[in-house]
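So the sequence lines, in the order shown, correspond to chains V and B. Taking the numbering used here, I'd label the letters of the first sequence as residues 1 to 1054. Taking the numbering used here, I'd label the letters of the second sequence as residues 1 to 548.
Think of the hints as simulated: they come from the structure by calculation, not from any bench. Mixed in with the good hints, there may be bad ones.
[Said to hold, decoys possible] Listed next, with one range per pair, are the computed distances between beta-carbon atoms:
(1) B:Asp158 to V:Asp853: 42 to 52 Å
(2) V:Val837 to B:Ala221: 43 to 53 Å
(3) V:Asn333 to B:Glu534: 54 to 64 Å
(4) B:Ile347 to V:Asp928: 24 to 34 Å
(5) V:Ala307 to B:Ala497: 31 to 41 Å
(6) V:Thr310 to B:Ala497: 47 to 57 Å
(7) V:Val837 to B:Ser234: 51 to 61 Å
[To be verified] The list that follows gives simulated cross-link-like pairs (lysine to aspartate or glutamate, EDC-like), each with its CA atoms no further than 16 Å apart:
(8) V:Lys253 to V:Asp362
(9) B:Lys526 to B:Glu150
(10) V:Lys722 to B:Glu27
(11) V:Lys57 to V:Glu34
(12) V:Lys480 to V:Asp413
(13) B:Lys526 to V:Asp820
(14) B:Lys526 to V:Asp413
Note that CB positions come from ideal geometry on N, CA and C, so glycine has one too.
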Amino acid sequence: MKKLSLVFTLVLFCVGVTMAQRTISGTVTDDSGETLIGATVLAQGTTTGTVTDFDGKYALTVPEGATTLVISYTGFATEEVAIGVSDVIDVTLTESAEQLTEVVVTGLGIKREKKALGYAVTTLGTKDIELRPEADVARVLRGKVAGVDISQTSGLAGSGTNVIIRGYSSITGTNQPLFVVDGVPFNSDTNTDRGAISGGATASSRFLDLDPNNIAEVSVLKGLSATVLYGEAGRNGVVLITTKNGAVSELDKKFEVTIDQSFFANDIASLPEDQDLYGNGWQNRAAAAFSNWGAPFDQPGRNSLGADGTIRHPYDRAALNDVFPEYVGARYNYQAYDNLDNFFQTGLIANTSVNIANRLSDGTSLNFSYGYRSEEGFVPLSTYDKHNFGLGISTKLANGLKINSTFNYVNSDRVAPPAGRSTSSNPTFASLFSNVFYTPRSVGLYELEYENPQDKSSIYYRGGNDIQHPLWTLNNTGDKELVSRFFGTVNLSYDLTDWLTATYRIGLDGYNTRSRFHINKGGRQQPDGLLQTNERINLIQDHTVNLLYNKPLNENLSLDGVLGFNLRRDTRNYTFTGSTQQFVYGLLTHNNFITHNNFSSFREENLMGAYATASLGYKSYLYFNVQARNDWTSTLESANRSVFYPSASVSFIPTEAFPGLQQSTFLNYLKVRLGYGTSAGYPSPYATRNVLGTTPNAFKAAGGAVLNTNSVSNVFGNPNLKPELHTEIEFGLEGRFINNRVGVDLSLFDKQSTDLIINLNLDPSTGFSNTTINSAALSNQGIELGIDITPIQTGDFSLTLNGNFTKIVSEVKALSDGVDQIQFASARGSLGNYAIVGRPYGIILGDRIRRDDAGNPIISSTGVYQDAPDIGELGDPNPNFTANGGLTLSYKGLSVNALITYVDGGSIWASLPSTLMGRGILQETDFDRFVPVIVPGVLADGTPNDIQITANNHYWTNGGVFRDEMRTYDGTYIKLREVSVSYALPKSIIDNTPFGSVSFTLSGQNLWYNAFGFPPGANFDPEVLSLGVGNGRGFELMNAPTSKQIGGSLRITF
Amino acid sequence: MKNIFKLSVCTLLVIFMSACENVTELEGLLNNPNSVTADKAELDLVYNQVVLDFRDFSYTASDLVMPFVRMRHMFGPLYDNATSPATFNGIWAEAYSNLFPDMDLVIEIASADGLNTFTGSVKVMKAYVMFTLVDLFGNVPFTEAGQGVENPSPAADDDEAVYNAALALLDAAIGELSSPKGKPANDLYYDGDASKWLKLANTLKLRYYVQTRLVNNNTSAVNALMDQVISSASGDFAFPYGNERNNPFSRHPKYGAYETGGGNYMSNYMMWQMFAEKETEDPRLRYYFYRQDCDETGEDLFTLDCPDVPRPTHYPFENKSPWCTASLGVEGYSGYWGRSHGNEDGIPPDGLKRSTWGLYPAGGKFDADDCTDIGNAGVDGGLGAGIQPIMLSSFVDFLKAEAVLTMGATGDDAALLESAIRASIAKTMSFSSVSTVDPAFVPSDMQIDAYVTEVMDAYNAADADGKLQIIVAEYRLAAHGNGLEIFNAYRRTGKPAGMQPTRTLDPGAFPRTLWYPSSYVDRNAKASQRPNLEEQVFWDTNPPKFIN
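Start from the sequences, fold in the hints, and give me the full structure.
And the structure:
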């Protein structure tokens, strides 16, 4: 917080009055001896004051009669020092938990006193973000901000992250927040080259390009009254990130080099516990099934096992006898093999950061940063390497023009395994994981060659060779993405008068991604092989002109605000080349493939916005803020292009207003706030006009004639489309109690979204299959509660507990005339997430079993469940509430942190646990399988079911694999998300070294969890989003599991 | 100082304005740069789209209902969960949002120049789509359809009204095709021959009168059409698939099984009928089905578990209904490995073993007892250059025979039946041109005559009901690859009676109409799902549950 206060205090004290009597000078330092720049020094009972300079020094001429100096600094306890005989008073301030005068970054990067804000802002500093195992800044924020739901798509290195602030407010559009880095919009798209079900679910989210170790501060603006200045892009909340390079103008250090080095071990979060009694087969007999319902291991000579407990070697089959003559007549040990432990590896994550900061004597500041991350995943095909270079410069010209610039360059290289969907069996497209997890116990993944030595094709244990050997997948597939990205700003600022400042800022954010996905020929899902390359060139240009004013109207009233204009241009270029039918095995060039197809697209979108704000402060306890913005977009027809949206908020601090409250030791601070905000939302470009469908090369007739086609597009371009509207009312209460030992920050919000633009699937009998239309409405109401308690604070030892609680209730209010449900995400056909009028957003619908009127399952004449003819509700994927609890314990240089997450409820349709159960692999299936089962239920004539079926039939047909209803679990879980222990060497040890500080940190991520609703043997971590970043939720499709990391960091400054 | 200030402000403005040049454009960005506007459509290119979408529509309509009439295997196990509402989203969209707008666009563009061959042929296809929608779903939207967001919930019309509108459309087409003008560049059905389209239009009219005979026995209309309809293979209405594998895939969809094996299970019952029901083996057997593995015995218990499982008690023992596979226990035959009606078991690793689509009509392999698997990346047999049989001359003769027998139309029902069977056999055997067929296994004329004689002897000996049974039973065997005509005939005539029952004893009522598509029910305010599948199309006045 040190660096934030300078500007603010300068402003507060620029109109100081002096009555010269006696000059007192000194230095203000913190308890580590570091000087504090911009600390306020005030003669008590007067208006006389000053602030400390860049060396922490002050000189104050105190008026006669002044007896006490009051020294204050944001984030530190205010000190009162008696003025004695000495003219030199050096003061040491200690950091306080109390943050009453906290200054936070708000919209457009404007820093304001937190108490003046009529809305909730959560700010996190470096210590909450840096030196973590995660490369992804959003994941680092998990569990730390109430009202913000952050979910990883998987544990693969560099995989994407879904960020939802205050619920889903759009039904078919994006609900991802706006990222703003150093004041400029930052493209945080998750670019998927393939659909989620064919492996796109683990694509990176482009905020991955930020280096968490180079972040000075993150502010999360949640409500619309906070984000209005960002225009429609801010309607889903704004994550404001200030990099260390962007914060260079506030640098308080003369010259400091910081070096961090971290190493983490990266493992799969957990493996399922398998049963060890039965092997591969069906109906208790050994056979080359997909499943594990085979013979018991301990009964050789029966159940298709040889007398010595062996079976015919899987490769002793006609198709392979010439290739593997050694297996002709060979036997194979039918035993439990240890496959999974051998398949997964411990990856190494190494992270190096260098930061060099220097403040030159003329006021020019420089900050240089470099970060290198090298990450190996828990499988060899998962790696991520990233270089971040950054430079920040701040200077002031002799003419008064201030220039503040940042330049950042990122270069990364990611390799990901294929991660297609699997709902129980062979994956869609290709997937490394599904075929591994359900490997039957008696199939030795490493005992069976994975490729045919003649043609390099995949071979495996089934006679029909219809499963791709996972090791073949590992060696013959890959998904590689190279990113180079530049983002930077130039910020010019000029003080027109002492109360009016003009600024102009240009921001650029451009990146180029090149990805290559390949499968060699010889596999099972893509036997001919394929090669797909995608290139994206995306650029955001952002221009902003602001006039900032700040004028005290009289001694009680202050007025400040901004008038501004913003232009934003967003362009996206996309090129795809796909080739199939590999010619020579192993060579990955397009010209080595026989068939090609190409696609390219270009998209541009311009946005203009004009805005104004005014904040009226009365004394220091009542603040009234109004903000408004008008936008014009290029994505709507001219009649509907312009939209105006205002917001207003009030903040009142009773503890400042009423003197009677000020001496209380119970109530130290209380703030009440009320905000009203609105925002708009625009459709994607090109939704208003009809186009002609064109398909070249649609068919090649037997005679060779090629048919190209034109067609009426199935998409109806809706010229009447207009912006969607969001309004939100937010009420908040912030208080500190019991000598500041207890803090509470409560927000209640009610967000109503109307005229929502939905991608509406039309009944095809309208002649069209879909359109975009303003017809839906959605409501989100929520509670966000943050609490911190410091039960112990004695001398060197302190213990702080903090927690946050979020509960959001959504309801779909309307969709479209006659439409009461929309499927907006699909896991498999009609199984997916739906918006249903009157229900929370995202309800999961899928196949259900047929029941009689009393709810009893109806059993067919073969003894198994029947399917109901149509889909029905399986569950609500939204949690009832989410709570996070943190602990910080510090003793001298030692500090311990822990963070626990508890998520209550939320249904999940999970493929992995249900498949492992249905295929007889999980520990839970180690019962006596020869005992038949009678499924509870009634027969068609209403009498109780009395048909015996085998355990195999029951688990297979009624349980894991065929019945969506049986595959939906309660998603409640508790998780030890983060633990860290850090130790800073005491000053006494490093005083005689060149080092300014030396500290060590040990930390771990995702160390333990328990999801109560799942079979315990599955050890299932429900924290995955198999439908990828977007609106789909509550599905696990065996794309890729989660990971855990444990390691340590060393930090040295000098 | 003041100058410096001015200079700075000016610099700022210059930077700002120059950077803004393309930033401030709004109106110019409304047109999608990746597409062209709808007014650029070219007649031949839209016609091509109609040709291809009509192929998909007729294929899908035919394929969806095959399992009900045992022309391929039905999983079931019940009739009403053999399909779900979502099953029919594809065909619904194919008709309403793909075909109709493009058909209307062709008619609009071609009408301006009086290009009657275009408009007439498209109207014939449109009428076929309308008939089919009614045949499958009963009441469907028509008069309110196709209005975009102006009417997001088109109301369904009475099914009879839609049928009659289609008949009127056929009459309009007949008028236009009688004075043809213009020739589509890629009419893959008739190469722009308006006279063939004209015969098809008349054939569809004949089909209309036969189909609606229970509600309107219009014998004179049938008699007037008898000589105007498709009468030889040269007039067959079928889509010819190509053999291009990838660029783009132009093969018969069923040929997809020839990539990695698998594919539909064949109906045990239908295969069994072709070699075990009659004294004479059906000459089409080796063209219709291909056996990957000619020995279904000694299988791994896992790949074929039923040889040891006792017959369901409702499967008659007396060699009238196959169990497990079609050939198990039938002397002289083996490897006809399909599935019985309503067998819902999961799919074991028999993808390279079970019987599959043969040379006719999918363009697969001719069965010459070679018994090798088909998972060879699409290099076998006819390379997928099959046909979608939509209305063949044999079908027409079956319809005529039915009209003579049941409507009192003029003609010789026995002669029509014989000519239908012979046309079907000839059509099937003509496929030897797309593939290498081992002459040793090609049926001789004597074999064909023996087959025909056996059927005709039975026919001549049968009473009226027995005659109808034989006509429709033979129609079903001839219609391999087209489930729609048989699904209609079964509901219209109740024949062929006595087909293999489902494996579950009580499979529920046979579907007289299908589920409405979920895309229709869920998105259309005026639509609601039917409570069950027992609702009947207007032309089906037969009693409830008269077929199973």
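Okay, the hints, checked on the actual structure:
The supplied range of 42 to 52 Å is broken by B:Asp158 and V:Asp853, whose beta-carbon atoms lie about 33 Å from each other. Separated by about 50 Å at the C-beta atoms, V:Val837 and B:Ala221 satisfy the suggested range of 43 to 53 Å. For the hinted restraint 54 to 64 Å between V:Asn333 and B:Glu534, the CB-CB distance of approximately 57 Å keeps it satisfied. In this structure, B:Ile347 and V:Asp928 meet the distance hint of 24 to 34 Å, their C-beta atoms being roughly 28 Å apart.
In this structure the hint that V:Ala307 and B:Ala497 lie 31 to 41 Å apart at CB is violated, the actual value being about 54 Å. Between V:Thr310 and B:Ala497, the C-beta spacing of about 53 Å keeps the proposed range 47 to 57 Å intact. At roughly 57 Å, the beta carbons of V:Val837 and B:Ser234 sit within the given window of 51 to 61 Å. This hinted pair checks out: V:Lys253 and V:Asp362 have alpha carbons roughly 14 Å apart, not beyond 16 Å.
Of the pairs offered as hints, the one joining B:Lys526 and B:Glu150 holds, with about 15 Å between alpha carbons and a cut-off of 16 Å not exceeded. Of the pairs offered as hints, the one joining V:Lys722 and B:Glu27 holds, with about 15 Å between alpha carbons and a cut-off of 16 Å not exceeded. Between V:Lys57 and V:Glu34, the direct Cα distance comes to roughly 12 Å. Compliance with the 16 Å bound is thereby established for this hinted pair. Taking the CA atoms of V:Lys480 and V:Asp413, the gap is near 7 Å; set against the 16 Å cutoff, the hint holds.
With a C-alpha separation of about 12 Å, the suggested pair B:Lys526 and V:Asp820 falls inside the 16 Å cut-off, and the hint holds. Between the alpha carbons of B:Lys526 and V:Asp413 the distance comes to roughly 53 Å, so the proposed pair goes past 16 Å and is violated.
Hints 1, 5, 14, counting from the list given before, are not met by this structure.
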